[in-house]
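Chains as they are written, first to last, in our numbering: chain A, 2 to 332; chain B, 2 to 332; chain C, 2 to 332.
Derived from the structure by calculation, the hints contain no laboratory data. Please read all numbers here as calculations on a predicted model, not as lab measurements. Please note: incorrect hints may appear among the correct ones.
Same chains, same label: a pair holds when it works inside one copy or across any pair of copies.
What the hints assert, rightly or not - Keeping only pairs whose Cα atoms sit at most 25 Å apart, straight-line, the calculated DMTMM-like set for lysine to aspartate or glutamate is:
1) K111 with D144
2) K263 with D20
3) K328 with D8
4) K311 with E325
5) K35 with E63
6) K321 with D281
7) K11 with E147
8) K35 with E24
9) K321 with D222
10) K67 with D324
11) K5 with E18
12) K311 with D324
13) K35 with E64
14) K95 with D65
15) K328 with D222
Residues per chain are reported as follows:
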Amino acid sequence: MQAKLADLAKICGARLEGDADCEISAVNTLSKAKHGEISFLSNRHYAHQLNNTNASAVILAEEDLKNSPTNALVTATPYLAYAKIANHLYPRVKYSGNIDGNVIKGADCKIDETSFISANVVIGNNVSVGSGTYIGPACVIGDDVEIGENSTLHANVILQQDVVIGNNVTLHPGVVIGADGFGMAQENEQWVNIPQIGSVRVGNNVDVGANSTIDRGAIEDTVIADGVKIDNQVQIGHNVIIGEHTAIAGCTGIAGSTVIGKRCMIAGAVAISGHIQIVDDVIITGMSGVANSIKSPGIYSSGLPVTENKIWRRNIIRFKKLDEILKKLTT
Amino acid sequence: MQAKLADLAKICGARLEGDADCEISAVNTLSKAKHGEISFLSNRHYAHQLNNTNASAVILAEEDLKNSPTNALVTATPYLAYAKIANHLYPRVKYSGNIDGNVIKGADCKIDETSFISANVVIGNNVSVGSGTYIGPACVIGDDVEIGENSTLHANVILQQDVVIGNNVTLHPGVVIGADGFGMAQENEQWVNIPQIGSVRVGNNVDVGANSTIDRGAIEDTVIADGVKIDNQVQIGHNVIIGEHTAIAGCTGIAGSTVIGKRCMIAGAVAISGHIQIVDDVIITGMSGVANSIKSPGIYSSGLPVTENKIWRRNIIRFKKLDEILKKLTT
Amino acid sequence: MQAKLADLAKICGARLEGDADCEISAVNTLSKAKHGEISFLSNRHYAHQLNNTNASAVILAEEDLKNSPTNALVTATPYLAYAKIANHLYPRVKYSGNIDGNVIKGADCKIDETSFISANVVIGNNVSVGSGTYIGPACVIGDDVEIGENSTLHANVILQQDVVIGNNVTLHPGVVIGADGFGMAQENEQWVNIPQIGSVRVGNNVDVGANSTIDRGAIEDTVIADGVKIDNQVQIGHNVIIGEHTAIAGCTGIAGSTVIGKRCMIAGAVAISGHIQIVDDVIITGMSGVANSIKSPGIYSSGLPVTENKIWRRNIIRFKKLDEILKKLTT
Numbered sequence: 002m003q004a005k006l007a008d009l010a011k012i013c014g015a016r017l018e019g020d021a022d023c024e025i026s027a028v029n030t031l032s033k034a035k036h037g038e039i040s041f042l043s044n045r046h047y048a049h050q051l052n053n054t055n056a057s058a059v060i061l062a063e064e065d066l067k068n069s070p071t072n073a074l075v076t077a078t079p080y081l082a083y084a085k086i087a088n089h090l091y092p093r094v095k096y097s098g099n100i101d102g103n104v105i106k107g108a109d110c111k112i113d114e115t116s117f118i119s120a121n122v123v124i125g126n127n128v129s130v131g132s133g134t135y136i137g138p139a140c141v142i143g144d145d146v147e148i149g150e151n152s153t154l155h156a157n158v159i160l161q162q163d164v165v166i167g168n169n170v171t172l173h174p175g176v177v178i179g180a181d182g183f184g185m186a187q188e189n190e191q192w193v194n195i196p197q198i199g200s201v202r203v204g205n206n207v208d209v210g211a212n213s214t215i216d217r218g219a220i221e222d223t224v225i226a227d228g229v230k231i232d233n234q235v236q237i238g239h240n241v242i243i244g245e246h247t248a249i250a251g252c253t254g255i256a257g258s259t260v261i262g263k264r265c266m267i268a269g270a271v272a273i274s275g276h277i278q279i280v281d282d283v284i285i286t287g288m289s290g291v292a293n294s295i296k297s298p299g300i301y302s303s304g305l306p307v308t309e310n311k312i313w314r315r316n317i318i319r320f321k322k323l324d325e326i327l328k329k330l331t332t
Numbered sequence: 002m003q004a005k006l007a008d009l010a011k012i013c014g015a016r017l018e019g020d021a022d023c024e025i026s027a028v029n030t031l032s033k034a035k036h037g038e039i040s041f042l043s044n045r046h047y048a049h050q051l052n053n054t055n056a057s058a059v060i061l062a063e064e065d066l067k068n069s070p071t072n073a074l075v076t077a078t079p080y081l082a083y084a085k086i087a088n089h090l091y092p093r094v095k096y097s098g099n100i101d102g103n104v105i106k107g108a109d110c111k112i113d114e115t116s117f118i119s120a121n122v123v124i125g126n127n128v129s130v131g132s133g134t135y136i137g138p139a140c141v142i143g144d145d146v147e148i149g150e151n152s153t154l155h156a157n158v159i160l161q162q163d164v165v166i167g168n169n170v171t172l173h174p175g176v177v178i179g180a181d182g183f184g185m186a187q188e189n190e191q192w193v194n195i196p197q198i199g200s201v202r203v204g205n206n207v208d209v210g211a212n213s214t215i216d217r218g219a220i221e222d223t224v225i226a227d228g229v230k231i232d233n234q235v236q237i238g239h240n241v242i243i244g245e246h247t248a249i250a251g252c253t254g255i256a257g258s259t260v261i262g263k264r265c266m267i268a269g270a271v272a273i274s275g276h277i278q279i280v281d282d283v284i285i286t287g288m289s290g291v292a293n294s295i296k297s298p299g300i301y302s303s304g305l306p307v308t309e310n311k312i313w314r315r316n317i318i319r320f321k322k323l324d325e326i327l328k329k330l331t332t
Numbered sequence: 002m003q004a005k006l007a008d009l010a011k012i013c014g015a016r017l018e019g020d021a022d023c024e025i026s027a028v029n030t031l032s033k034a035k036h037g038e039i040s041f042l043s044n045r046h047y048a049h050q051l052n053n054t055n056a057s058a059v060i061l062a063e064e065d066l067k068n069s070p071t072n073a074l075v076t077a078t079p080y081l082a083y084a085k086i087a088n089h090l091y092p093r094v095k096y097s098g099n100i101d102g103n104v105i106k107g108a109d110c111k112i113d114e115t116s117f118i119s120a121n122v123v124i125g126n127n128v129s130v131g132s133g134t135y136i137g138p139a140c141v142i143g144d145d146v147e148i149g150e151n152s153t154l155h156a157n158v159i160l161q162q163d164v165v166i167g168n169n170v171t172l173h174p175g176v177v178i179g180a181d182g183f184g185m186a187q188e189n190e191q192w193v194n195i196p197q198i199g200s201v202r203v204g205n206n207v208d209v210g211a212n213s214t215i216d217r218g219a220i221e222d223t224v225i226a227d228g229v230k231i232d233n234q235v236q237i238g239h240n241v242i243i244g245e246h247t248a249i250a251g252c253t254g255i256a257g258s259t260v261i262g263k264r265c266m267i268a269g270a271v272a273i274s275g276h277i278q279i280v281d282d283v284i285i286t287g288m289s290g291v292a293n294s295i296k297s298p299g300i301y302s303s304g305l306p307v308t309e310n311k312i313w314r315r316n317i318i319r320f321k322k323l324d325e326i327l328k329k330l331t332t
């Protein structure tokens, strides 16, 4: 895809300084960009590279314009402008409507003729797939699943029975949606499994990262609202509800029946207990543990950053007796 | 599946109060249940919903009977009774014996004729599959694998060579059993891999959650005993032994050669070091780190719950100098 | 595979004490070894088993020779010697060059005739596979992927477009390499995805464990250097660079754009923040959190080991007020 700089300026709402007819065909970093490529400056860390960039254009903030050696797109939000331009230059691949010869398909399916079903996909009974949706190789789609329009299932995605996926959803390879929740009752010190008869409803514009898992509900559904972004290897337990536009980074786990608000940002490797509520607009920093409900917006943390091992060893000995030591000191 | 309330009372050993002939065809929550559905009250949090439920019957404890607006099944263990009734109303789907046309099968296999092998399954040589077992789409079963009776392998399960799976086992999508353990020796600051020649033995009535992994042993086998329940994205290293009826929640990792006792309950996001022993009847709370053997039954913990970020930042500065500060204060 | 003890001594550079013609066909533990098997003593924990072993030969250090009841291979590094002997006795299975009938292959591929492509593999356009490489069942290989020589992709490995894999690489089942990095810009409290146009380059002699994920770069590539060993369920974010011969244990997550040096040893369940640098020869112990760059080699830690729950509960109450308490005590 190629575009004139003037058109790119329009796409991202930036002010153009320089050659409106400059042809751009790729994005690149400030240090690696070549003729015909556009770069951006949004992180102060890279400001020193602006001077020497060989990019044909740079997206930047007003304050950096004076240091630009080339054409510029000036905007208050260079990173967002970059996102829009990159989406224009690297559009989602469009597949012509097709069902690959090796697809195995059950009865009573409604597969839109503009969708594309790749090789070795297995589709159950009564499945619907909307227009423009791409289903990658080796996906397995259970009975009664509904998939909306313009969604992308990369290779090896598993959707168990009854799962509902919205429009413009991206599921990365190895995602499993709708496996049984971890629900059991105890009898004589053994476990009796509880049938998980709810399902999972995934809204529009949701992304789920590689090998992440979202369990089906015990009775009611697990719900991922519109615009939620989930990174790789995230585990979401049964009956969790995640509010609109919340983002969850890699390796985070959320236990069953927890409700998370809108526009939250949950960093990586966070563990969130079950049966709690987290309100809208909460930020949780990396490796935190959340055992109780969070009732006010704000930033929350609990991870312990590393120290040298020999200092840490002395500190953990103290921590194990913290209450005892402080009791003595304060009485 | 439909049943009379009197029959459901028998199935769960509860006392029936009300209409023995009441027909029940589904379970539901107290707040959502409709005519013909049964609900349950086992969590005090939902006690206020009992009064207004539209369920045709409710499973509850003696003390709640006075508030029931409808037929009741009275029992000391409502959640267990619910589990039994739900299992009756939602039985495991039975597949008629079949091997799908697209299955690729090696030599010398013994596939019971009442088992069901789904589309796109790849089976190696000398594999045995017991009666009533279901193997879902796109599973890959290595050479010399044995799978027992009435087990369920959901889609995309991978069993590497020599793995043994018992009866009534459920493996959720994306489970990998029998990949090589992480065993290496060092030579000149490089790593020499050690062949992992043990296997994995999984007992009866075991469940393994979506995308969980259980590595094969270095020399002897990794062992998962009868009745063990494992949630999603759990990692179990080579030569780990897990005792009967232990339950392990999501995102927990257990390093190599560790031995875990019977009836333990290990919460989510726990990390357990290698080469340690944990006795029977140990409970480990969420996000704990276990670096040393646990020699007595009981509840163990170490996770730090979140605080507001600004308080946390002050506390971690203190923690990094904890020993130093306390040394000054106590001398 | 069978070998004379004298040959095994040569393979591992050990001194032979005893019968040079002794035939060895298997390895085993000291306690389980039988006639015709070789064992090893490298962990003091098992020293008491040496006396009574039924192994036909034992690999051990000079100091243990006096207690050996059988033939011995004497070396300063018994575990490394064991690794070399086990690799000799259990060689990587060689497949005769073949492409299975069920493979689906795109245009313009260069698949070496000595490589082996298993059943149900889906290969895109313009893919190259080097000599002696094995691709297991149900792998999906995207367009323009290059895979080197003598590499092994176990079942269900997904390589997205443009990924480059070196020689002698082992990718365990369920590995996903080249899924999109987690890159987004914010607009009106919603997320705009940023196309991830970099790729992933994996060097030679790299192992990646089951269900681990390595994301493609945002603009430049994610890089895994030669000799890196990665365990199961490890998540590596976009644009991460991992130096030669670094080992990373299970369940560890590394956020985007972080650079890790050579010969580091990162234990399990570690969380490493994005955009930081870790120098060569750093050891990070289990469950540590690394939020800032590490600038000197050494051992670093931060995990908190478990205590009894009732003690822990008192300690965390203190921790939440640690700064406040210490401020009072020190003023």
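Against the structure, the hints:
1. K111 with D144: So K111 and D144 pass the 25 Å test inside one copy only (12 Å; across, 29 Å).
2. K263 with D20: Cα proximity of K263 and D20: none, with 42 Å in one copy and 45 Å across.
3. K328 with D8: neither (68 Å within a copy, 59 Å between copies)
4. K311 with E325: both (22 Å within a copy, 12 Å between copies)
5. K35 with E63: Classified as within; 23 Å inside a copy, 62 Å across copies.
6. K321 with D281: Between. Shortest inter-copy distance 23 Å satisfies the 25 Å Cα cut-off; intra-copy 35 Å does not.
7. K11 with E147: neither (37 Å within a copy, 38 Å between copies)
8. K35 with E24: Answer is within; shortest intra-copy Cα gap is 12 Å, inter-copy 64 Å.
9. K321 with D222: Classified as neither; 41 Å inside a copy, 36 Å across copies.
10. K67 with D324: neither (57 Å within a copy, 45 Å between copies)
11. K5 with E18: within (13 Å within a copy, 78 Å between copies)
12. K311 with D324: both (22 Å within a copy, 11 Å between copies)
13. K35 with E64: Close inside one copy (24 Å), not across copies (63 Å); limit 25 Å.
14. K95 with D65: Answer is neither: 37 Å inside a copy and 59 Å across each miss the 25 Å cutoff.
15. K328 with D222: Intra 48 Å, inter 48 Å, cutoff 25 Å: neither.
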